[in-house]
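Number of protein chains: 2
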Amino acid sequence: MTYNGCMKTATRAEYELYYWPGIQGRGEFVRLSLEEGGADYVDVARLPETEGGGVRAIMRLLGDEREMHPGFAPPVLKCGPYTIAHTANILQFLGPRLGLVSQDDVQRVFTHELELTVTDFAAEIHDVHHPIASSLYYEDQKTEALRRAGFFVKERVPKFLGYFERVLGRNSESEGEYLVGRERSYVDLSMFQVMSGLEYAFPNALARLHDKIPLLRALRTRIAARPRIAAYLASERRVPFNEHGLFRKYPELDVG
Amino acid sequence: MTYNGCMKTATRAEYELYYWPGIQGRGEFVRLSLEEGGADYVDVARLPETEGGGVRAIMRLLGDEREMHPGFAPPVLKCGPYTIAHTANILQFLGPRLGLVSQDDVQRVFTHELELTVTDFAAEIHDVHHPIASSLYYEDQKTEALRRAGFFVKERVPKFLGYFERVLGRNSESEGEYLVGRERSYVDLSMFQVMSGLEYAFPNALARLHDKIPLLRALRTRIAARPRIAAYLASERRVPFNEHGLFRKYPELDVG
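Protein chains in written order, with the numbering used here: chain G, 717 to 972; chain S, 717 to 972.
Here chain G stands alone, though its shape is the one from the complex (with noise of 0.2 angstroms):
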């Protein structure tokens, strides 16, 4: 079995993707994929309810029990018959199919390799302001994501940013000016996600970085500056960053 029937039709877009309505978490990182990549798609739970959409689409769909391979959570990706989830799974899985990713196979790897950092990055982010349980509400474990948001600060945000920094460094291909080899792949635009929510989240945790991360701003401006993406940040199909999704914006927790 390939994914040869993965094709739209008349009446259905070629990619459905399942996330929540109200935030950009998780599925920004596709959903920015999907726009450079000027994909024929629908963003399901953004319908009303009246035309299939809403938190209700996703229920369905997770909870469908003839479904062989069933995704743990959101963001899901349905094409033709097939369903795909986990973020960095669906951009592995798009990066071909939309021009996102180099045809090279060991560049192929290492832009998946960087997705996984940038997805354990994000893990963290969300950590800070949830350090007990996704459950609770973050007020009920305030004094812990207060004590995190040093240590987060201090060491993880510095070392996250210095590595991806170096990674810009070394990469000759471009001069420094993208992640993985000549061009801009999904990881590129995932990191232009990663620093605009930082800039959202953790504006002073970010300025402090300002020096040892020209490379890695060069980026994120580059990134805005296509024109699709660009679009898109102008257009209403981007959910504004809020205190519901993966960066919020929690002074308290961006300590000096």
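A few of these clues could be false.
Where chains are identical, the list cannot tell them apart; a pair therefore holds if satisfied intra-copy or between any two copies.
What the hints assert, rightly or not - Cut-off 25 angstroms, straight-line C-alpha distance, at most; resulting in silico cross-link-like pairs (SDA-like, lysine to any residue):
1) K965 to W736
2) K928 to A849
3) K870 to E840
4) K875 to A923
5) K875 to A789
6) K875 to E781
7) K875 to S888
8) K870 to A849
9) K870 to P786
10) K875 to P930
11) K858 to H842
12) K875 to H846
13) K858 to H846
14) K928 to S851
15) K875 to D970
16) K875 to R886
17) K875 to G913
18) K928 to R782
19) K875 to W736
20) K965 to P930
21) K928 to H785
22) K858 to V971
23) K965 to E915
24) K875 to L852
25) K875 to P737
26) K870 to T859
27) K928 to E781
If you're looking for bench data, these hints aren't it; they were derived computationally from the structure.
Predicted model, so just to flag it, every value in this text is computed and none were measured.
Since the structure of chain G is already known, use the hints to place chain S on it.
Below, chain S alone, put in the same frame as chain G:
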């Protein structure tokens, strides 16, 4: 560029694994696949320093400024001139080479998706004993760990194991014997490791779910009985569980 040049020479094993020598940790998922696949490999950091081993070997690799594709953290796999990091990425790379994944594209993507969910679960398991910072001792974040453990045992363990049990139950191709397709794949080996680790670290939590996860329990037994895995587990190559790794026996966290 492809991986064609990735083969053994007279003086060097085909695969070199770089991982902390004193723990199972995330490296154990890679070790299990190398063992089951009958790979020609060296667990570099477990060699004496006089033979180029020890933690120094890892530091040398991570600090190599000529490396175009540096890994963020161990485990790192060297294969000829190539460097591949991140557990799930390494397993995806090894799968087809060691006969540890289906030949079917759709099943390969799902196998990787499941492995990424194992990765997320492993991170949550780690953070039960390290909810504030990896750089702090457990004893210095024990209060927060105790609070996190309650939610982990009550909410997260049933959610993750319930999911994998469901995936097994839906796999009619192997009548629930394996997670994907007809044969064992690397994610079955990883699930064996998760079940073994949970029994070591959270025996009460696991016992409470006993009746709800018959297929997972049978999978664990089935994998442990495979000749190469059984030989590995009985050998000195298998580092015993201990309180420096991912799965730690802290009875106070195994809340009933």
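**Prompt:** At most 25 angstroms between C-alpha atoms: does K965 with W736 qualify within a copy, between copies, both, or neither?
**Reply:** within (19 angstroms within a copy, 37 angstroms between copies)
**Request:** Indicate which option fits the pair K870, P786 if close means a Cα-Cα distance not exceeding 25 angstroms: within, between, both or neither.
**Result:** between (38 angstroms within a copy, 23 angstroms between copies)
**Asked** Using 25 angstroms as the alpha-carbon threshold, which applies to K875 and E781: within, between, both, or neither?
**Response** between (42 angstroms within a copy, 16 angstroms between copies)
**Prompt:** Quick one: K875 to W736, C-alpha cut-off 25 angstroms, is that within a copy, between copies, both, or neither?
**Reply:** between (30 angstroms within a copy, 19 angstroms between copies)
**Asked** With identical chains treated as interchangeable, where does the CA-CA distance between K858 and H842 reach 25 angstroms or less: within a copy, between copies, both, or neither?
**Response** Cα proximity of K858 and H842: in one copy and across copies (13 angstroms, 21 angstroms).
**Message:** My question is about K928 and A849: at a cut-off of 25 angstroms on alpha-carbon distance, are they close within one copy, between copies, both, or neither?
**Reply:** between (33 angstroms within a copy, 23 angstroms between copies)
**Message:** At most 25 angstroms between CA atoms: does that hold for K858 and H846 within a copy, between copies, both, or neither?
**Reply:** both (8 angstroms within a copy, 17 angstroms between copies)
**Request:** State whether the alpha carbon distance between K875 and P930 is at most 25 angstroms within one copy, between copies, both, or neither.
**Result:** For K875 and P930, only the intra-copy Cα distance (15 angstroms) is at most 25 angstroms; the inter-copy one is 42 angstroms.
**Request:** State whether the alpha carbon distance between K928 and R782 is at most 25 angstroms within one copy, between copies, both, or neither.
**Result:** Only across copies: K928 and R782 sit 20 angstroms apart there, 51 angstroms inside one copy, limit 25 angstroms.
**Request:** Give the relationship of K875 and L852 under a CA distance limit of 25 angstroms: within one copy only, between copies only, both, or neither.
**Result:** Answer is between; shortest inter-copy Cα gap is 16 angstroms, intra-copy 28 angstroms.
**Prompt:** Checking K928 and E781: alpha-carbon separation at most 25 angstroms within a copy, between copies, both or neither?
**Reply:** between (50 angstroms within a copy, 17 angstroms between copies)
**Prompt:** For K870 vs T859, is the C-alpha pair at or below 25 angstroms within one copy, between two copies, both, or neither?
**Reply:** both (18 angstroms within a copy, 22 angstroms between copies)
Against the hints set out earlier in the document, no violation occurs for any number.
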